[in-house]
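There are 2 protein chains.
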Amino acid sequence: MSFLWTVSQQKRLSELNASEEEKNMSFSSTSDREAAYKRVEMRLINESKQRLNKLRHETKRPAICALENRLAAALRGAGFVQVATPVILSKKLLGKMTITDEHALFSQVFWIEENKCLRPMLAPNLYYILKDLLRLWEKPVRIFEIGSCFRKESQGSNHLNEFTMLNLVEWGLPEEQRQKRISELAKLVMDETGIDEYHLEHAESVVYGETVDVMHRDIELGSGALGPHFLDGRWGVVGPWVGIGFGLERLLMVEQGGQNVRSMGKSLTYLDGVRLNI
Amino acid sequence: MSFLWTVSQQKRLSELNASEEEKNMSFSSTSDREAAYKRVEMRLINESKQRLNKLRHETKRPAICALENRLAAALRGAGFVQVATPVILSKKLLGKMTITDEHALFSQVFWIEENKCLRPMLAPNLYYILKDLLRLWEKPVRIFEIGSCFRKESQGSNHLNEFTMLNLVEWGLPEEQRQKRISELAKLVMDETGIDEYHLEHAESVVYGETVDVMHRDIELGSGALGPHFLDGRWGVVGPWVGIGFGLERLLMVEQGGQNVRSMGKSLTYLDGVRLNI
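For the record, the sequence lines run as chains A and B. The C-terminal residue of the first sequence carries number 284 in the numbering used here, and the numbering is unbroken. The C-terminal residue of the second sequence carries number 284 in the numbering used here, and the numbering is unbroken.
If you're looking for bench data, these hints aren't it; they were derived computationally from the structure. Be aware that a few hints might be false.
Given that identical chains are not distinguished, each listed pair holds provided it fits within a single copy or across any two copies.
[Stated by the list, open to error] Below are the DSS-like pairs computed for lysine-lysine, each with C-alpha atoms no more than 25 Å apart in a straight line:
id: 1; residue 1: K158; residue 2: K186
id: 2; residue 1: K122; residue 2: K98
id: 3; residue 1: K102; residue 2: K145
id: 4; residue 1: K145; residue 2: K98
id: 5; residue 1: K158; residue 2: K98
id: 6; residue 1: K60; residue 2: K145
id: 7; residue 1: K158; residue 2: K17
id: 8; residue 1: K55; residue 2: K66
id: 9; residue 1: K186; residue 2: K145
id: 10; residue 1: K66; residue 2: K145
id: 11; residue 1: K55; residue 2: K17
id: 12; residue 1: K158; residue 2: K122
id: 13; residue 1: K122; residue 2: K97
id: 14; residue 1: K158; residue 2: K44
With the hints as extra help, turn the sequences into a complete structure.
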């Protein structure tokens, strides 16, 4: 007969960033298991404390803040202009993205008042600003934002209520260069994050036009699109464009080798990947 | 007889960052006024376009993003550790700050669900993390966060629904050094922002203990406190501390010489201080 971790042991070991191997250990007796648990938990707590010491004395900021700064600097270096828009979004702008009652995303939206919600994505705000910038600036116009977005999720290991999006858009490039350009921009973000293993998945959708996902194995790191897009007309903008949205916590999860995505995000229970109740 | 700007002219000139002098011009006839309006509006629009060009080709990011990065780097350099906590706050943690139905701030809180709101301040999250860090780290423990906070405001020229707070805390310093230390920390933030003209206003409150405001003339730039504080016990933490909270948009408004605070914040209608409908 063999024994596995109890449910509460399993939960605690996950919180403490145990490896898959450690989480799948089995034992010939419960006393063996309890002895092993003490040993593994102690080691993980010591590792956590060392990571917190490194935060305190070396890095001085969570990896999510450092990644945000690195990506922003790299994009500015590539000619993109950073913008900063509000978290509170009007129902009207959400509707312009076709996110109305019937849309799959609608039930995940946090509402504040009847006509205000927390943005579930950066795209409506970027469209709003682009409609002015495309009038004022010569093309190509390149902008990006990095900021919090909000979705009611299952709170599974790959999802967060509040997550950090990077959305970049390049508007007004030659139509035939879009595929090449989206590859270059994906590479820029992957290089800056330090993820070597990724590939692009191109798809054609009747509804959404051409889409390009940035994948690490079967994990979606980024979701891209090539315009013109049927939404463009709603904002009074025309012309070819490319854009990609990334979730920074997912990028970190992959870059740091499979940590719980919740531990990498804005949190009260984790600081820079480390569970604080140790 | 003398004529002033019409209400709509006045509003437009304010949006375009006209000086006080320009906003208070008077004219001997309405035709003089209309001619002057055309001239002033044209000049302000040209200045706005030049500012947007500078953003596009030189700075590449709004002043609020640059200030956030400068302040974060300066604080890390002074031994503070940056933290990143969620925007969504539980009613329970808000209550721990004594912000319940009777509190002046309560009516300004944005509610999402019955028991969740948007944080009106960073303090509850910093307390929450400190209760663990004070157990794990030797004192003094120095942390800060820079992030969005939310209050329903009158949307006057000095207030914003969403604003960017910097809150720093140093916990566990000798009690007699608190006044000196809070002056040093205020100076660090003022130096990094580039505001020379400021002073501290010390006050003693029966309810809140010792408070220290960082003032520019009659504008409150920062609000500081010296602990022990009566709230500390609710989080199970003890000992002397100092902390200050700053509104980054106000710092920029003062640093840039009296711009509308709304134009400096996260916005859809302004980009880096410039009205986009030009």
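* Homomeric proximity label, K55 with K17: Cα distance no greater than 25 Å -> within (19 Å within a copy, 56 Å between copies)
* K158 and K17: within-copy, between-copy, both or neither at 25 Å Cα -> within (22 Å within a copy, 39 Å between copies)
* Classify it for me, K122 with K97: is the Cα-Cα distance of at most 25 Å met within a copy, between copies, both or neither? => Close inside one copy (6 Å) and across copies (20 Å); limit 25 Å.
* To do: Have a look at K158 and K122 and pick one of within, between, both or neither, based on CA distance no larger than 25 Å.
  => both (15 Å within a copy, 13 Å between copies)
* Asked: When no copy is named, should K186 and K145 be tagged within, between, both, or neither for a Cα gap of at most 25 Å?
  -> Classified as within: same-chain Cα gap 18 Å, cross-chain 53 Å, threshold 25 Å.
* **Homo-oligomer pair classification [K66, K55; C-alpha up to 25 Å]** => Classified as within; 14 Å inside a copy, 38 Å across copies.
* To do: Give the relationship of K158 and K98 under a CA distance limit of 25 Å: within one copy only, between copies only, both, or neither.
  => Result: close both inside a copy and across copies, 20 Å intra and 20 Å inter.
* To do: Indicate which option fits the pair K60, K145 if close means a Cα-Cα distance not exceeding 25 Å: within, between, both or neither.
  => Classified as between: cross-chain Cα gap 16 Å, same-chain 45 Å, threshold 25 Å.
* To do: Evaluate K158 and K186 at a C-alpha cut-off of 25 Å and name the case that applies: within, between, both or neither.
  => neither (35 Å within a copy, 46 Å between copies)
* Asked: At most 25 Å between C-alpha atoms: does K158 with K44 qualify within a copy, between copies, both, or neither?
  -> neither (36 Å within a copy, 50 Å between copies)
* To do: Up to 25 Å between alpha-carbons, please classify K122 paired with K98: within, between, both or neither.
  => Result: close both inside a copy and across copies, 9 Å intra and 23 Å inter.
* To do: Could you figure out if K66 and K145 sit no more than 25 Å apart (CA to CA) within one copy, between two copies, both or neither?
  => between (39 Å within a copy, 16 Å between copies)
Violated hints, listed in ascending order, are 1, 4 and 14; each of the other numbered hints is respected by the structure.
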